[in-house]
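Whenever a hint applies, use it, and build me the whole structure from the sequences.
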Amino acid sequence: MSLFRCPLCAAPLVREAGACRCPSGHSFDIAKEGYVHLLPPNQKHSALPGDDRNMVLARREFLSKRYYQPLLNTVCSQILVLSGETPLLLDAGCGEGWYTAGAARALRAAGRRPQIAGTDISKFALRTAARREKGAEFAVASSYRLPLADGGVDVLLNCFSPLALEEFRRVLKPGGVFLYVVPGAGHLWEMKEILYDHPYPNEERETPYEGFAYREILPVEGTILLDCREDIQNLFRMTPYFWKTPKAGAERLAALARLEVRTSFRVHVFEKR
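Residue numbers (our numbering): 30 to 302.
In short, the hints are calculated from the structure, not lab data.
By construction, the Cβ of each residue, glycine as well, lies at the ideal position given by its N, Cα and C atoms.
It is possible that some hints are incorrect.
With a Cα cut of at most 27 Å, we get these calculated DSS-like pairs of lysine-lysine [said to hold, decoys possible]:
| id | residue 1 | residue 2 |
| --- | --- | --- |
| 1 | K163 | K61 |
| 2 | K163 | K152 |
| 3 | K152 | K61 |
| 4 | K202 | K163 |
| 5 | K152 | K273 |
| 6 | K273 | K94 |
| 7 | K221 | K273 |
| 8 | K94 | K163 |
| 9 | K221 | K94 |
| 10 | K94 | K152 |
| 11 | K276 | K221 |
The calculated label-pair distances, taken between Cβ atoms and stated as ranges, are [what the hints assert, rightly or not]:
| id | residue 1 | residue 2 | range |
| --- | --- | --- | --- |
| 12 | A60 | P99 | 27 to 37 Å |
| 13 | E250 | N83 | 22 to 32 Å |
| 14 | P70 | D256 | 37 to 47 Å |
| 15 | T252 | D179 | 39 to 49 Å |
| 16 | Y225 | D179 | 41 to 51 Å |
| 17 | G215 | A40 | 43 to 53 Å |
| 18 | A214 | Y173 | 25 to 35 Å |
Shown next as structure tokens:
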């Protein structure tokens, strides 16, 4: 039995050789990498939604060098504290699966027996995710139409991805935990100073969401040294700045072979009421 539900009729899916099928006869092919496509055409806003191949490659290469390891450590420590022996963990907007795989490793290393699911609208991202973490199920799906049953998820992780609160409330169990990772005010400030003539800090706020109770907000602060152009450009390509930076700013960044930049994250920890 799959962790996922049919996106057309919400019935349970059975994972078979080459496809996932529901009792109503709906069938969804499993890609050779191992993920399944559960995003119906009427939920797609473009032919190839989500992050493209180049953005996924940049993020994969950058994260593999562990520049964001302190953030992953914080996320994993929280998941271990807040979950039981057999948690169902959903990484909504999982991208190429770096955080998904890290959480899975941490849970197994602690002797837990997790069930892991990851969703993203980019098939390019899920190709990497499915190769990286063989012990999880991955699906091309929208966070606003999650192909999961009501009230079955123990821990929901959302790192820099769309905030689909209605769906998150629906799939989480009562008492389930929601970890929402966002950039802090000064995140990548030194890069922004190069890219823009008048940079401004990210907005930080504590927002109470209906159906959730705040447990805490965890800051993760640090500084990273990027000592080659490839790493600088990979970081640039995996941020929204890549799409909205003036040409002059992008050229200034491209001329750099070394950049020391601060990292700043906030992990908002909620509990479903």
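Status of the hints after comparison with the structure:
For the given pair, K163 sits about 12 Å from K61 by alpha-carbon distance, which is consistent with the 27 Å threshold. Restraint check: the Cα-Cα separation between K163 and K152 comes to about 16 Å, which is no more than 27 Å; the hinted pair holds. Under the criterion of a C-alpha separation no larger than 27 Å, the hint pairing K152 with K61 is consistent with the structure, at around 12 Å. For the hint linking K202 to K163, the alpha-carbon distance of about 25 Å falls within 27 Å, and the restraint holds.
Distance check on the hinted pair: K152 and K273 sit about 24 Å apart at the alpha-carbon level, within 27 Å; holds. For the hint pairing K273 with K94, the CA-to-CA distance comes to about 26 Å; that is within 27 Å, so the pair holds. Taking the CA atoms of K221 and K273, the gap is about 12 Å. The hint holds against a cut of 27 Å. Note on K94 and K163: the hinted pairing holds, with a Cα-Cα distance of about 21 Å set against a maximum of 27 Å.
For the hint pairing K221 with K94, the CA-to-CA distance comes to about 22 Å; that is within 27 Å, so the pair holds. For the suggested pair K94 and K152, the alpha carbons sit about 23 Å apart, so the restraint of at most 27 Å is met. Proposed proximity of K276 and K221 is supported: the alpha carbons are some 14 Å apart, at most 27 Å. A hinted range of 27 to 37 Å for the beta carbons of A60 and P99 is consistent with their spacing of about 33 Å.
About 29 Å separates the C-beta atoms of E250 and N83, a value consistent with the hinted range of 22 to 32 Å. Checked against the given bound of 37 to 47 Å, the beta carbons of P70 and D256, roughly 45 Å apart, stay inside it. At about 43 Å, the beta-carbon gap between T252 and D179 stays in the expected band of 39 to 49 Å. Between Y225 and D179, the C-beta spacing of about 44 Å keeps the proposed range 41 to 51 Å intact.
Between G215 and A40 the beta carbon distance is about 47 Å. The supplied range of 43 to 53 Å therefore holds. Between A214 and Y173 the Cβ separation comes to about 28 Å, which falls inside the hinted range of 25 to 35 Å.
Consistency note: the structure conflicts with none of the earlier hints.
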